[in-house]
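Here the protein sequences come in this chain order: W and R.
Note that the numbering used here has the first sequence beginning at 1, numbered continuously upward.
Note that the numbering used here has the second sequence beginning at 1, numbered continuously upward.
Because the hints were derived from the structure by calculation, they are not lab data.
Quick caveat, the model's predicted, so the values are computed rather than measured.
Positions of the beta carbon are idealized from the N, C-alpha and C atoms, including for glycine.
Straight-line C-alpha distance at most 20 Å; calculated EDC-like pairs for lysine to aspartate or glutamate:
(1) K52/R / D103/W
(2) K3/R / E31/R
(3) K78/W / E11/W
(4) K69/R / E55/R
(5) K3/R / E44/W
(6) K78/W / D57/W
Over the 12 Å line for every Cβ pair with chain W, so calculated as not near, a few chain R residues:
(7) T5
(8) D11
(9) A13
(10) N23
(11) S25
(12) T56
(13) S61
(14) I74
(15) H77
(16) T107
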Amino acid sequence: DAGVIQSPRHEVTEMGQEVTLRCKPISGHNSLFWYRQTMMRGLELLIYFNNNVPIDDSGMPEDRFSAKMPNASFSTLKIQPSEPRDSAVYFCASSQGHLALRDTQYFGPGTRLTVL
Amino acid sequence: DAKTTQPPSMDCAEGRAANLPCNHSTISGNEYVYWYRQIHSQGPQYIIHGLKNNETNEMASLIITEDRKSSTLILPHATLRDTAVYYCIATQTGANNLFFGTGTRLTVIP
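Work out the full structure, taking the sequences as your base and the hints as a guide.
What follows is the structure, given as structure tokens:
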């Protein structure tokens with residue numbers, strides 16, 4: 001099992017550019033989570049999907065952020081336009097759990113985003 | 001989710017047991033205690049979880065007090081690769097938001 005796969009691992013962009021982060025969850029997992037980690041705020045949940053449907057996006061900072069899950073094996077997190085304060089490590093995680101059951105989350109290696 | 005309190009940092013000698021405490025005095029009956037760790041520059045890694053009974057797996061043991069107000073994660077023979085930030089999370093079944101807090105930074109010393 002390859003685990004959760006994220007790409008790119010590192011992204012450096014300039015303010016105002018569009019950034020797209022990608023995630024492939026573990027096969028057979030039906031919940032997917034996007035987190036952001038900064039020194040100031042620690043790990044924060046941005047959004048999670050269950051069976052490809054967004055369930056809770058209350059952590060998405062603002063309209064510049066959007067996430068999609070077109071199928072069970074792929075999700076994207078897009079920032080448009082990007083700002084320097086978006087610089088962080090973005091993690092994707094997946095789990096087997098469904099809405100009624102808490103389950104272990106498996107994290108990817110993260111994407112380190114730097115917005116200049 | 002119940003609030004958890006952990007010491008900010010701990011040291012442990014290599015080969016010795018590392019005992020990481022966590023206080024969750026407001027935990028409710030249906031909240032589990034989860035432990036994750038994050039090694040530098042990696043994503044968080046699940047370690048163990050429990051409700052009220054002590055649990056053991058290949059990575060660690062979890063000891064939960066009878067009143068469930070606190071717990072201890074035990075790494076029986078710490079190695080240098082166990083140096084990481086350890087997060088204790090108390091969370092309800094059915095919820096999906098893991099609140100990681102600031103955790104305990106464990107440094108294993110050779």
